[in-house]
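Read in order, the letters of the sequence shown are residues -21 to -1, 1 to 459 in mature numbering (1 follows the signal peptide of the UniProt record, and there is no 0).
Treat the hints as calculated values from the structure; they're not laboratory data. Every residue, glycine too, gets a C-beta built ideally from N, C-alpha and C. Fair warning: there could be bad hints in the mix.
Here are the simulated BS3-like pairs of lysine-lysine, each with C-alpha atoms no more than 30 Å apart in a straight line [stated by the list, open to error]: (1) Lys245 to Lys332; (2) Lys398 to Lys247; (3) Lys278 to Lys449; (4) Lys350 to Lys398; (5) Lys245 to Lys12; (6) Lys350 to Lys108; (7) Lys398 to Lys367; (8) Lys245 to Lys38; (9) Lys184 to Lys247; (10) Lys278 to Lys133; (11) Lys278 to Lys332; (12) Lys133 to Lys384; (13) Lys184 to Lys332; (14) Lys278 to Lys458; (15) Lys383 to Lys129; (16) Lys38 to Lys332; (17) Lys108 to Lys137; (18) Lys449 to Lys371; (19) Lys350 to Lys31; (20) Lys132 to Lys108; (21) Lys332 to Lys132; (22) Lys38 to Lys458; (23) Lys367 to Lys332.
Label-pair distances were calculated between CB atoms; the ranges are [what the hints assert, rightly or not]: (24) Arg92 to Pro193: 42 to 50 Å; (25) Lys449 to Ser142: 26 to 34 Å; (26) Arg194 to Lys398: 25 to 33 Å.
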Amino acid sequence: MLIAGLILIGIIFLLIHFLRSDDTGDSSIPYAKCASYPIVGHLFSFLQDRTKLLLICSKQYGDCFRIRIFNQYFTMILSHADWTNVVRNSAFQFAASDFGAQIFDLSRAFDGRPDYDADTHRLYTQHLKNREGLRPIVTQFVRQMRELIKNDKKVLEKNGNTSEWISSGLLEFSHHMLYQPSTVALIGDTNPLAAEDDFRLFDTKFHYFLVPFPRWIASLLLSREFQARSRLNEFWPKSLDPPGSSQFHRDRLEMFSNHSEWVSDKDKAALQTAFFWASLGNTIPAVFWSLFYILRDPKAISTITEEINTHLPGVPLDGDEDWTPEQLDACVYLESAVNETIRLVGAPFMQRKCVRDAQLVLQDGRTVQFKEGETLAWFGGASHHSEKFFVKPDEFLFDRFVNKKAESVPGFMPFGGGKSICPGRFFAKFEIKTCLVMLLRYMEYQIQDTQTIPTQIRARIGVGIAPPTKDIPIIYRYKL
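Whenever a hint applies, use it, and build me the whole structure from the sequences.
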């Protein structure tokens, strides 16, 4: 009886906790009642199809409304112009430490560390946001990808299967082409294959780490993924300065050492896992979708192949000449096709936390008051697929971004915005373009099913670029 009574009391307190409303925000912002359920709020609808949920809510409530997941409220700002004003307002900050703790098990030691933030920004600017900093990383990535292809061909030659077609899935092919070359180019020879299974396991359920589950629920639902994350965190201290690592990686490790009085070994390992996932988690599906859309479009293939032959020298796999960022940038149709792919499949769910009481003037004329601690969010899919910004928004038009600076195109914000914009976006695009060029240069391929357009994993939409629900079968072989 005592145990039953304690359980009943626990359930009552749990219900009180979740039913208690802490929505003390501006009453002029409506709460979206559609698809909301007791206790969990919009959790099920959000996980099932957040694009559908938010578009339905926007039709009923406009571009500004509230949703709830358990007892956490989000003020949705769907207007691109309104969100731009949010990003520019210092009262609304990206809560990086919240995400770091929730996803990668980082401590709160990073809260209120402007010196660390400044050092991080300087590091990214030096190595990832300018061409000279990117040059050695891009060059090494191209070399590593050639090395991968050479090794693949050697295995086939050894088995006498050089001319035979290889069956694969396009997503698996994208993973194979990117995983090891990217990791070695950035972090060095860490034996990345030893961490591959744990990366796959952690990445498969990555989006669930972002859901504000109570800790005890998360530990039950994601026990295997928590274990994979722990093993990844344990993997890095053994190879903190591996041979062949990029200057960016070495400078990053030096930055950790400069703040060793409060950056613990545990946090260093978690930061390594975060960087490792960030370098691959969105880029692999981005390669898949880029290959999928471009390879199905004969005009895109013809145009892109022509400019590749014009701007990128036909270097043998054993050659010493490297493709440079300038040569890859000269392929403007390739760049446009990659941007168009990212527009179609990239739908970030960006958040800002109000760090002090503030007000925001919306495009519809309303002045909305926000209190410290409130959370605002923007969903990229709403503008990326809006006719307000793009003609035929649901179609792949490979030349849509030709001679346009993508980051200045209204409604296009696949990498976030403000200080939290993805620092690795330029390198990621170089990786995507290199994968496609390598395929066209050194391989023959056939997509087995050109009619079916796979859907994205719905629960992953909003977390960068979601992978497909199922792989697309392809066959390929290396040119002799």
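What hints, given by number in increasing order, does this structure fail?
-> 5, 6, 8, 10, 11, 12, 15, 17, 20, 21, 22, 24
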